[in-house]
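Two chains, two frames, some hints: make the complex.
These protein sequence lines are chains A and B, in that order.
So in our numbering the end of the first sequence lands on 122, straight run, no missing numbers.
So in our numbering the end of the second sequence lands on 342, straight run, no missing numbers.
One should not assume that every hint holds.
Unchecked claim - Quick list of simulated restraints, FRET-style, between CB atoms:
1) A:PRO100 to B:ILE323: 44 to 54 Å
2) B:GLY218 to A:SER51: 23 to 33 Å
3) A:GLU121 to B:ASP241: 33 to 43 Å
4) B:PHE302 to A:PRO100: 50 to 60 Å
Claimed, not checked - Stretches of chain B that chain A covers, calculated by requiring three or more beta carbons in the stretch to come under 8 Å of a beta carbon on chain A:
5) 150 to 156
6) 174 to 181
7) 184 to 190
8) 227 to 236
What the hints assert, rightly or not - Derived list of chain A stretches under chain B, where covered just means 3 residues or more per stretch with a C-beta under 8 Å from a C-beta of chain B:
9) 7 to 14
10) 51 to 63
Just so you know, the hints here were simulated from the structure itself, not pulled from any lab data.
All values derive from a computational prediction rather than experimental measurement.
Where a beta carbon is used, it is the ideal one built from N, C-alpha and C, also for glycine.
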Amino acid sequence: MRLLTHNMLSCNIKGVTNGFPLKLEADKWVTKEVDLNADFLRGIFPKIEWSALLAAARVLGFAELPEQADASMLSSDDFLRRFHHALLELHVEEGALVCPETGRKFPINKGIPNMLLHEDEV
Amino acid sequence: MSTLLQSYTPPSVSLRLRPRPSRCLRPLRFQVGRMGNSVVRAQAATEATEAATSEGLKKGIAEFYDESSGVWESVWGDHMHHGFYEPDTAASLSDHRPAQIRMIEEALSFAGVSDDPMKKPKTIVDVGCGIGGSSRYLAKKYGAQCRGITLSPVQAQRAQELAAAEGLADKVSFQVADALQQPFPDGEFDLVWSMESGEHMPDKMKFVSELARVAAPGATIIIVTWCHRDLSPSEDSLKPDEIALLNKICDAYYLPAWCSASDYVNIAKSLSLENIKTADWSDNVAPFWPAVIRSAFTWQGFTSLLRSGWKTIRGALVMPLMIEGYKKNLIKFAVITCTKPN
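Bound conformation, chain B alone (with noise of 0.2 Å):
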């Protein structure tokens, strides 16, 4: 029986140093290895060929958070993003709340946005909200009205229930929708938040117009998100085995494209926002990676994975190269924040 699994060799990748976001390469080799069968390699190709339409990676992203979204709540709680630590500590799970508090906390700071009863945000967009932690929590500690936005109707109904629970329902809502094409009119909202979702992002200068478009004039804009180091002056593209790495971690994960902390400071530029900053904060997010994988030898994280579905599992599995990511300095955890001019 030939194997559904096609191995091809993808076409030279050259990543710019100009503001042109590297493309992760069309889903390739899916290196099912011992676990293969051919359900699974069946499976994973036509994952594979689906991902590679735009329609197909925001059904990816649906399905793989619709899926995974309960066992991440079961484990971590309603954030679900890095933490933030002091660099060089293991951390325990129990410190990964506060650490992830933390990281909100870090990113308003860095912003420098106001707690000033006059100045603080009073409309905000949570784009890629997830189960809406950082929604309620942004709402609750401005009084502010929140809007968050994600492909997966599992996290949006899952968002509302835990923000009437938390009496919450009548300042934060949530819609089904697409960061790309963002369901609000021009300059909407005084803060402009997208934790950890820029990586799901195919066409990063979209996303970033939008979030320019939808927010007011003055307002900040926060994006904290994984990106691949900057190339050195000489480089005209990462190297082959770095390109290869982010492609096995971009099929699991539904990550259709990396680019650099410097792409989204050029995107901003050149959308002409103001006050652009970023930082790199891969050392503060190091402890992370391994907790995770150590919750899910856990009992409670092993039998939630396993009641879980295949999506679920492989990106778990898949857990050991983003630690390698990070350790070869490819992978880094990068804050860029900057404001819509008045």
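Same shape as in the complex, but just chain A (with noise of 0.2 Å):
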């Protein structure tokens, strides 16, 4: 799982109001490398939500993205080679997705979240 997926995923169980980011637990993660598309990085932006992706990369590892960031950073080839790298290239191959609000667990297999809820949480 790539921390671009992560930042789409949220927790759908009834009556959670705050479902989203889910705190990501990771036991094992590899770096795949990806071409770097700037293009693509750009187009992007505007849909990542930033402080999950700050937050999800750090457990990773990857402390270099800055705390906050703005379309006008998109610019520089530093701040796009940083920001591929933590949405694109680190893979999440076994470890959990974490409810924020009900500490309910989504373990990650091989590299894929399982979101299914059990009967009660729907």
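Structure below.
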């Protein structure tokens, strides 16, 4: 699971109002190189919840993202490289996504999050 | 020894003209026929009871696809949906992949999804993604990010492998999730895609509401699904023999409920979705099931089936019932598209 995907997932347990972002717990993660596409990064930037990306990247040991980010930074190659790395090159293989409100854990196995709810959570 | 197979008279089903989808009756008679032995009947009865609950249904669907995906893929490739053909043609196995691609393109065209770089979809959700055939195709076509959801962990894994093999791992990702509780925030996607997954949804209203919820303002929603025929104004429900036929199919494919295309249209209207359109593509998919049956009788198809499990075999045995359903104009293959208001 890349952090781009993490940035799009939320907890949908019935009654939960604050299900995003999910906290990331990572037991196993890898880096997979991907070609940098500046246009893509500039296009996706407005859709990214920055604080969620920042926190998730830190869990994976990547502390090189700025605390805050705005669109003007997209002209900096250095910023694009760091953004690209956090968003697309870090893959969580095993771990969990934790609902910020209920603490419920959604497992990540072999890179795939399992977001299925139990009967009583629906 | 008492038969584990319970047969009882189902409560009468009234299928309404108004947007309330008919419910498949709780699994009743399981017609094992000559294959009957107590083990088979026991398994069928257990499955029938399990499928009666929502957890059971999801588990049944997941297991069905966990078991069947490999067989399907080896005979049919990575798309798990009907091909779109010219009516009244006989199709051979080699025609099917182009026909399956054509199905995707016809659906996009019907919905009016734009190719224009400024207007084309940038984020797509594939609801009931199978092994990701549509996800990969759409991601490639539009250069978009695509998220697929499926109940089957085996399918999600396979979908991811195929994406990596095609160099699309940075564009598509797959999650195990329930279409009735999509794990995405509101308004996330420009294109919401459901290709032949609607049949599995026990609650059509919830299904379409979730599609609408995750659609961004102005997004396009495309549903391609099996339905039963529309009821005529004088009808309150399908005929008993029609209900009986649908029930037999339901059990084998883990289909909890059938509704009509009109029901979907009415649901979309009730959710204030716009530009609602529907078409009956039954004649365009008619060559499909005979071809699937023929493929099961090829050496590869047959041996694959034997290597798969009971659920897959049962699915295969029920295929002639699909043809019967189409011939009787009871089963319809429908496309329903709409847009989320801005």
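Evaluation of the provided hints:
The hinted window of 44 to 54 Å between A:PRO100 and B:ILE323 holds, with their beta carbons roughly 51 Å apart. Evaluation of the 23 to 33 Å hint for B:GLY218 and A:SER51 yields a pass: the beta carbon distance comes to about 27 Å. Separation of A:GLU121 from B:ASP241 is about 40 Å and conforms to the stated range, judged on CB atoms against 33 to 43 Å. Between B:PHE302 and A:PRO100 the beta carbons are some 52 Å apart, a value that agrees with the proposed interval 50 to 60 Å.
Given as covered by chain A, the region 150 to 156 of chain B passes the check, having 3 residues with a CB less than 8 Å from a CB of that chain where 3 are the minimum. For the region 174 to 181 of chain B, the stated coverage by chain A holds: 7 residues have a C-beta nearer than 8 Å to a C-beta of that chain, and at least 3 were required. Counting residues of the region 184 to 190 of chain B whose CB falls under 8 Å from any CB of chain A gives 3; the rule of at least 3 is met. A count of 0 residues in the region 227 to 236 of chain B with a Cβ less than 8 Å from any Cβ of chain A is obtained; the coverage claim is therefore unmet, three being the minimum.
For a cut-off of 8 Å, the count of residues in the region 7 to 14 of chain A with a CB near a CB of chain B stands at 5, and the three-residue condition holds. Restraint check on the region 51 to 63 of chain A versus chain B: 0 residues with Cβ-Cβ distances below 8 Å, three needed, restraint violated.
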